[in-house]
Amino acid sequence: INSDGTFTDKKEMPCLKGNDNITFVDNKLVTTSHLDFLKFIKHVKDENKPSPCSVYTVDLQTGAIDTLYTDGGTVLSAASTGLIYKGNLYVAQVFNPFILEIPLTR
Numbered sequence: 145i146n147s148d149g150t151f152t153d154k155k156e157m158p159c160l161k162g163n164d165n166i167t168f169v170d171n172k173l174v175t176t177s178h179l180d181f182l183k184f185i186k187h188v189k190d191e192n193k194p195s196p197c198s199v200y201t202v203d204l205q206t207g208a209i210d211t212l213y214t215d216g217g218t219v220l221s222a223a224s225t226g227l228i229y230k231g232n233l234y235v236a237q238v239f240n241p242f243i244l245e246i247p248l249t250r
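The numbering of the sequence shown is the working numbering, which starts it at 145 and goes up by one.
Derived from the structure by calculation, the hints contain no laboratory data. Possibly wrong hints are sitting among the right ones.
[Unchecked claim] Label pairs and their calculated CB-CB ranges:
(1) Asp203 with Lys161: 14 to 22 Å
(2) Asn146 with Phe181: 31 to 39 Å
(3) Phe151 with Leu182: 27 to 35 Å
(4) Thr214 with Ser147: 32 to 40 Å
(5) Thr150 with Leu227: 30 to 38 Å
(6) Phe239 with Glu156: 26 to 34 Å
(7) Asp153 with Phe181: 29 to 37 Å
(8) Lys154 with Lys193: 35 to 43 Å
[What the hints assert, rightly or not] Only pairs whose alpha carbons sit at most 25 Å apart, straight line, appear in this in silico DSS-like list of lysine-lysine:
(9) Lys172 with Lys154
(10) Lys189 with Lys172
(11) Lys172 with Lys230
(12) Lys189 with Lys155
(13) Lys186 with Lys161
(14) Lys189 with Lys161
(15) Lys183 with Lys172
(16) Lys183 with Lys161
(17) Lys172 with Lys155
For every residue, glycine included, the Cβ atom is placed at its ideal position computed from N, Cα and C.
Please work from the sequences and hints to get the whole structure.
Shown next, in the form of structure tokens:
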């Protein structure tokens, strides 16, 4: 990313389903995913309806995808952002008022 916010070295990355916000760590892209669009829409209308989600990393050199977290919506619904900081994964949600902290062993 250039200082003016434009990109160089653009390349196509593997397709993941229902991606949301993107962050970066080391040489990896970190993204969340809404796994079931219809359940996500139900969650939008009622935050108590579960919305399955996952958090992935995508290696920017190889394109390899690694799943860091997956939930059917019972612990965390509609993940919006995944952030890796000091050996932990922090996952924020679209509507519910808490952030999940998950120790990473990788």
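* To do: Check each numbered hint against the structure and report the violated ones by number, ascending.
  => 5, 10, 12, 15
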